[in-house]
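A.B. asks: Below are the chains, spelled out letter by letter.
Protein chains: 2
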Amino acid sequence: MKLSPFAPKSPPHLPAIDGVRLAACESGIKYKNRTDLLLMLFDPGTSVAGVFTHSKTAGAPVEWCRTQLPGGQARALVVNSGNSNAFTGARGRDTVKATAEAAAKAAGCEPNAVFIASTGVIGQPFDASVITRQLPALSKSAHGDGWADAASAIMTTDTHPKLATRTASIDGIAITLNGIAKGSGMIAPDMATLLCFVATDAPIDAAVLQHLLQPAADQSFNAITVDGDTSTSDTLLVFATHAAAKRGVAPIRDASDPRLAGFRKALDALTLDLALQVVKDGEGLTKFVTLHITGAETATAARRIGMSIANSPLVKTAIAGDDPNWGRLVMAVGKAGEMADPDKMAIRFGDIQVAENGSAVASYTEAAGAAYFKRSEITLTVDVGVGNARATVYTCDLTADYVSINADYRS
Amino acid sequence: MKLSPFAPKSPPHLPAIDGVRLAACESGIKYKNRTDLLLMLFDPGTSVAGVFTHSKTAGAPVEWCRTQLPGGQARALVVNSGNSNAFTGARGRDTVKATAEAAAKAAGCEPNAVFIASTGVIGQPFDASVITRQLPALSKSAHGDGWADAASAIMTTDTHPKLATRTASIDGIAITLNGIAKGSGMIAPDMATLLCFVATDAPIDAAVLQHLLQPAADQSFNAITVDGDTSTSDTLLVFATHAAAKRGVAPIRDASDPRLAGFRKALDALTLDLALQVVKDGEGLTKFVTLHITGAETATAARRIGMSIANSPLVKTAIAGDDPNWGRLVMAVGKAGEMADPDKMAIRFGDIQVAENGSAVASYTEAAGAAYFKRSEITLTVDVGVGNARATVYTCDLTADYVSINADYRS
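Going line by line, the protein sequences match chains A and B. 672 is the number of the first residue of the first sequence in our numbering; add one for each residue after it. 672 is the number of the first residue of the second sequence in our numbering; add one for each residue after it.
Here chain A stands alone, though its shape is the one from the complex (with noise of 0.2 Å):
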């Protein structure tokens, strides 16, 4: 596997958060020679939050999340890669069962404070003993500095594991959130990513910290795509130990609280840095796009439009092929069935002006719209020409390279 050209040179350390110890094996489910099963445990007195696909086929981890989420506290957290124990039927649920039993036993508290995540193959069953049979042991190894086993044992097709750290500041004392995710193909989420997992010493009540989540999934994991193919998997947990509270916050308990504002600030910076490492590690990509919608006539038109850009085919090859062909991005707004106006349309390729009003601006060359597209990173930004609402989305390009992964995906 190629490594992602936008790999970072090191991986950033994560420090320690105080309630929360980690550790990573090899279960053997199906790969070999690397880690594929992550235990987290949590000190009691977790919060927790989560986000998921809209699947109409989600796998039985995510329908065990959902159903536990409501209660509000975690003490453990069990990822394994390789098999998304999705369109299983009633054996992916007893697996499912089974685990989270094991996992409140080597944890000490009940299944409902289990929270699971799968990710891999669909369709295929397999039985939780490959799992539970782990969970003693590794309860026993879990460590405060596990991060970086972490994020290597959640990978599947990724090319490099992708954490990130932030700190912010409550009541003057220093909070800490690390989150790792997981993602290359299958990317198109819709409410989170493949898998992102977050933990923070911060006091802050399930209620406030679901709150919260929603709109930093919003602008970071919903603002992706690699593909424009959704998991049945995606699953995106936030995890606050409240540890933070033996050192002086006092417990947040209102979404409103005015002492949040660092805290969101963080959360959003995390979740956008992991999500970008996850559309910078898109499958066979050798270029990072930004597209700015402005001009639409509501955020979900800009979005819907962002989305159809950066989901056609013919533009991310155009990419790929470090050809400016701006006609297809006239294509794909046109395809995406929200209101534009060709006459009043604009198209600009970083700083270059491209198109106003409906067509080419005379400065424009083709020779300076080919260079700026030999960059790896480029931005493109189009105005639609029919209100003032704007959105962000993030893509990457289509290459052979993607057709071959996935191509020989099982083989």
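For the record, the hints were derived by calculation from the structure and aren't laboratory data. Heads up, a few of these hints could be off.
Stated by the list, open to error - Result set (EDC-like, lysine to aspartate or glutamate): computed pairs, CA atoms no more than 20 Å apart in a straight line:
#	chain 1	residue 1	chain 2	residue 2
1	A	K701	B	E1037
2	B	K811	B	D689
3	B	K768	B	E734
4	A	K768	B	D1014
5	B	K768	A	D1014
6	B	K701	A	E1037
Assemble the complex: chain A is given as a structure, and chain B must be docked to it using the hints.
C.D. replies: Quick look at chain B alone, frame taken from chain A:
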């Protein structure tokens, strides 16, 4: 350009249709050493019906046709390939108007009886003179046997011309329908395909013709997709010269006229034939796929689920790689947003039962699936387990050649 593996060994010969004359030439608008301009002339009394792209950035020729269509009368059709005259603003509209005036002069009619279609690069205005200067000579040379030349002149990335002919009987008298189409990429028609022109000698009024055309388009061009990208120029026009009235067919002025049965069937067959030729010439394809969706809530839901599967890069690359990865079918059903019951879903590859009641059946073997996926024409049936509605959708695989063709389109 590699010839599609599904190209007919020799295209069908289309007989002359009384009241239709055709001529093609090299205008030099973009291509060298090939024809790229078509003029079709119709005898007085020819009625016309049409359906067009739903794109919000439709080209000037589409807007022109939409404006003239209510008149219901046609005397000339001008088609160029190499430039779509879309996103060309006022200059594009001027080009269309000048073309219509010149064609009207050549045909001896009013401009509102002239229909125009253009296909090719988007966003590059061109002067009408490249077309208009050819029209006098084309109108002189036009003749009834020009169908093969016409089909070649409208090609862009097509690897072969697409022609079809059918006969029907009205009042016991033989009627002929001829059709030509073009299209290979940017194929996700939404009312019609890129370009398709049908002519018949049947004496059918415009309103009746329009009534027959929409369902014909729905079961043919609106049921195919190559890449999910909808063109700015999709145009399907049917011209009826009424010449068969001279042979004793009484004019048909009512859509409920039972004498239409045979014609309706022939029109459905003709448009499906051409639509399948388009998808079977999909850019870079190696495989042709028929998708049956059953058990859906409504026919619209079934079609959306079918298109979600047919446009999924992960499904299409798996098919390219001979990989019977049916989990990706489940994913694509899930992302369609339409009702589906994972616990009742069933999947078949041809006659091979793969999954039933939400999981793989015991009799299914990966070897059987892999053998089936090596075929060049495959049929996938997905029952989504919630109702009785169904739809059929046709598509092709996504290969590295698709990427190469479209990364290098303009170079």
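A.B. asks: Take the hints in turn and mark each one as holding or not.
C.D. replies: So, going through the hints one by one against the coordinates:
Distance restraint check for K701/A and E1037/B: the Cα-Cα separation of roughly 16 Å lies within the 20 Å cut-off, and the hinted pair is therefore satisfied. Distance check on the hinted pair: K811/B and D689/B sit about 17 Å apart at the alpha-carbon level, within 20 Å; holds. The straight-line distance between the Cα atoms of K768/B and E734/B is roughly 11 Å, inside the 20 Å bound, and the hint therefore holds. For the suggested pair K768/A and D1014/B, the alpha carbons sit about 17 Å apart, so the restraint of at most 20 Å is met.
Annotation: proposed proximity of K768/B to D1014/A holds, straight-line Cα distance about 17 Å (limit 20 Å). For the proposed pair K701/B and E1037/A, the alpha carbon gap of about 16 Å is at most 20 Å, so the pair holds.
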